[in-house]
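Residues per chain, in single letters:
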Amino acid sequence: MSAPKKLYTLDASNVKATRQGFGKGLLDASEGSKDVFVLTADLEGSTNVTAFKEKYPKRFINVGVAEQVMAGTAAGLASEGFSVVMTSFAVFNPGRNWDFVRAQIALNNLSVVVVGSHAGLATGEDGATHQALEDVALMRSLPTMTVLSPCDFHEAASLTKQAIALKKPVYLRLARQKTPFIFSAHEKFTIGKAKTLVKGSDATLLTTGITCDQALLASELLFKYAKLSVSVVHHGSLKPFDTQSVAGIKHKHIFTFEDHNIVGGLGSCAAETMAECGHRAKLVRIGTTSFGQSGDYASLYKKYGLDAKSVALRICKEMRPTAYASFARKIKTLKL
Amino acid sequence: MLRKKEHKELTHKSYELRKEILKMIYEAKSGHPGGSFSIIDVLTILYNKVLKHDPKVPSWKLRDRVILSAGHICPALYATLADQGYFPKSKLKTLRKLGSGLQGHPELHHLPGVENTGGPLGQGIPFAVGKALALKTRNIPSKIYCVTSDGEHQEGSSWEAIGLAAHHKLSNLCVIVDRNNIQIGGKVEEQMALRKLKSKYHAFGWNVVDINGHNLNLIYDAFRYFKIHKRKKPFCIVAHTILGKGVSFMQDDSKWHGSAPNKEQLDKALAELDKKQKKHVLFFDLKKRGIFK
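As they're listed, the protein sequences go chains A and B. The numbering of the first sequence is this note's numbering, which starts it at 1 and goes up by one. The numbering of the second sequence is this note's numbering, which starts it at 1 and goes up by one.
In short, the hints are calculated from the structure, not lab data. Treat the numbers as computed from the prediction; the structure is a model and nothing was measured. Careful, some of the hints might be misleading.
Across the chosen pairs, the derived CB separations fall in these ranges [as the list claims (entries may be wrong)]:
(1) B/225 - A/294: 53 to 59 Å
(2) B/16 - A/143: 37 to 43 Å
(3) B/30 - A/34: 42 to 48 Å
(4) B/253 - A/244: 57 to 63 Å
(5) A/335 - B/137: 50 to 56 Å
(6) A/280 - B/185: 30 to 36 Å
Using N, Cα and C, we set each Cβ at its ideal position, and we do this for glycine too.
Given only the sequences and the hints, what does the whole structure look like? Please build it.
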């Protein structure tokens, strides 16, 4: 066992939401362009498109509480040459208008970025109806869809610009909560390529979206209190998925960790890859297996096993069952 | 009003197109003849007298666009497009066959002249609204014509789009409703009544006219009114039609919404259409000669 090498660290002094990064990326992408058109289903403020609206009022429409017409209109606009970005909460977009996304956007292969904000349990107090835990599963299954899941502000900004430039159907999954910066403004991101954040020697923890900061904390806890050296690899792109990155893992234990159901998201991406390349490692998928409920972000993550301590305990139990009780005692009262 | 000679020619053409529709559905062994027959008179006028388009340049930027929201009645569209010269008539017999551009429900990018993917009902008006907004934003003066069925007005998404179009004063948008009062389950007004469609559209902020959807003169006048009206409102033509119009054993029977004829039924229908076509043309000639006033 060797100490994990940290290639990136959390910047807890800089805390912003991925939806804010999207708002910035949208403005950057629209600079000098006459083609970007933004639609929202009455969630202008929450999805951070107000600044776009103020700068380009002729290319912004709030369709009202009407996600289906938003998707159909987006497709119609895109068929005439616009690069369309349409925003709402992930439960409604693509949840409510999935037939439109499938038949009008994906089947027609049109230039529309579907922005599903407030995804995951992290949405918090609004409760189960507003916590999208199935959206990645829906969108990954569409043949022409790219699925992106940034972990921090800067990655969100970069992936937004790339998504618009692709001029194809893209799903961009964002979160409500403010989370620490992991990357700098100069970091380069490539769709289809994972980023190794920590290099460890005992196991690999794959993560996606805003659970990244909890993954990094879990890796620290595991080394400090259980002498387990765990790599952390972030997948900002779930489709195309960096299969080579997973196929090349040398460890005997691979864990996936996401604020999404364990069916159809990152866990399934890893399972599919491992099965197809004959990977001999054991896979453990950490994510949700039920609907959520109302609560604050931190309490929800703790209850549903998505906080750093729960993830670390899960990994320790799997890999060092005899050390589990002692590890649990050590980290129980730690304030992270 | 159409000129008498035009009226005669277009009547003749509408019967020809009906024959083509039925032959292609027979060949495919599946399809939707009933609605295809109820809308074909509207399409005949639209493509021959109203639409600004060039079949040799299907992507001409200044063309008018036709959205077929009721995608299942695509045999009517395909027959019309072939007649206009968008693709060879020989392709009509490939309807619904593997590898054919004539998909069972039309898809964008598959065939020249097809402007949208239709099939899931209630998606065409939203798509048409997007196109209308795009043209308005780019200051392109072309029109959007969206052909819908009455049944698809049971889909809530249609009404989302109807509201949005009026809110944005999309006066470049014309929706045509094939009001044949038939859906798979039977009569629309008995399954889930739409009641006064004209009043509903009006309440949503549209200009609306009701017409007999088989009267070529009235269809033509309705389209002309759309093109010249100055009000900043989208326009709806509620075309009252008969499912299966033209073939007596198909008319008004929900069975013919989505069934293909067998050989015997095909021959019987073609014979009836032939007879009616000759009779109508004869009628025009006799009228011209003053035999009928």
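Going down the list of hints, with the structure as the test:
1. For residue 225 of chain B and residue 294 of chain A, the hinted distance range of 53 to 59 Å is satisfied, since their beta carbons lie about 55 Å from each other.
2. For residue 16 of chain B and residue 143 of chain A, the hinted distance range of 37 to 43 Å is satisfied, since their beta carbons lie about 40 Å from each other.
3. Taking the beta carbon of each, residue 30 of chain B and residue 34 of chain A are about 45 Å apart, inside 42 to 48 Å as hinted.
4. Hint check: residue 253 of chain B to residue 244 of chain A, Cβ distance near 60 Å, so the stated range 57 to 63 Å holds.
5. For the hinted restraint 50 to 56 Å between residue 335 of chain A and residue 137 of chain B, the CB-CB distance of approximately 53 Å keeps it satisfied.
6. Our hint of 30 to 36 Å for residue 280 of chain A and residue 185 of chain B is violated, since their Cβ atoms are close to 56 Å apart.
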